[in-house]
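**Student:** Hey, can you work out the whole structure from these sequences and the hints?
For the sequence shown, the positions run 1 to 226 when the working numbering is used.
Don't read these hints as lab results, they were simulated from the structure.
Glycine is no exception: its CB is placed at the ideal position from the N, C-alpha and C atoms.
Treat the hints with care, since some could be wrong.
FRET-style restraints, in silico, Cβ to Cβ [as the list claims (entries may be wrong)]:
id, residue 1, residue 2, range
1, 178, 54, 25 to 33 Å
2, 111, 47, 28 to 36 Å
3, 52, 138, 33 to 41 Å
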Amino acid sequence: MLAPRPTARTIFLVVFASAVLAAPAAARRTPPPQIIFPVIGPVAYSDDFGEPRPGGVHAGNDILAERHAPVVAVEAGRIVFWTTSASAGCMLYLYGRSGTTYQYIHLNNDLTARNDNRGTCVPGVAYAPGLHDGDRVAAGELIGYVGDSGDADGLHPHLHFELHPGDGKAVSPFAWLEGGEHLEQPLSGSVPVAPETSLTGDQLLARGISSSRLPAAISLTPRPAA
1 MLAPRPTART IFLVVFASAV LAAPAAARRT PPPQIIFPVI GPVAYSDDFG EPRPGGVHAG
61 NDILAERHAP VVAVEAGRIV FWTTSASAGC MLYLYGRSGT TYQYIHLNND LTARNDNRGT
121 CVPGVAYAPG LHDGDRVAAG ELIGYVGDSG DADGLHPHLH FELHPGDGKA VSPFAWLEGG
181 EHLEQPLSGS VPVAPETSLT GDQLLARGIS SSRLPAAISL TPRPAA
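**Tutor:** Spelled out as structure tokens, the structure:
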């Protein structure tokens with residue numbers, strides 16, 4: 001016996017029900033319209049997503065910045081450390097409240113202002129002091145520092161930043177970076193400075209660090225005469 005042929009009304013109801021059931025999941029897969037810019041201080045970046053690289057196509061945008069520049073959470077979420085990648089070096093995942101996953105790659109592994117590679121992927125070096133694997137963080141909270149660990153060693157310090165809607169395939173984060181909110185300092189968390197910092201007094205103040213809070217061992221780069 002042949003099955004009854006579905007009517008137009010039946011097809012409409014099935015499609016409508018599927019859309020209603022899928023709507024909440026789709027909403028969770030949408031990144032927030034605006035994020036906090038992930039790096040504090042002077043930066044340079046371009047939409048280099050998809051460019052060919054030795055290990056394959058580039059899955060994020062590189063944000064060039066000073067070594068040890070503060071890195072912050074772009075939205076509230078949960079942090080997971082990743083410390084065993086030879087190519088990524090010190091990195092972490094931020095599982096955002098929106099359902100978006102962000103990857104922060106090539107975080108710092110240097111103990112001085114030079115490329116010494118003497119540090120490891122631990123809080124206080126790569127990650128913010130006191131931050132633990134699995135911690136929940138607020139948007140704008142300090143989570144790490146710019147570096148050149150992994151296969152970026154010897155290159156200009158930068159943050160390789162990836163954006164994965166719904167924890168899925170990476171998309172270009174450029175539009176979110178362009179519309180991101182730039183902070184003058186992290187909204188929470190301390191910002192220690194390496195003992196041989198090359199930052200000027202004005203640059204330190206821009207990071208919310210006054211000279212009275214600096215250890216005696218820190219030598220500032222003299223500000224050039226006007």
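**Student:** Next step is simple, just say for each hint if it's right about the structure.
**Tutor:** Evaluation of the provided hints:
no.	hint	result
1	178 - 54: 25 to 33 Å	holds (27 Å)
2	111 - 47: 28 to 36 Å	holds (33 Å)
3	52 - 138: 33 to 41 Å	holds (37 Å)
Of the numbered hints stated above, none is contradicted by the structure.
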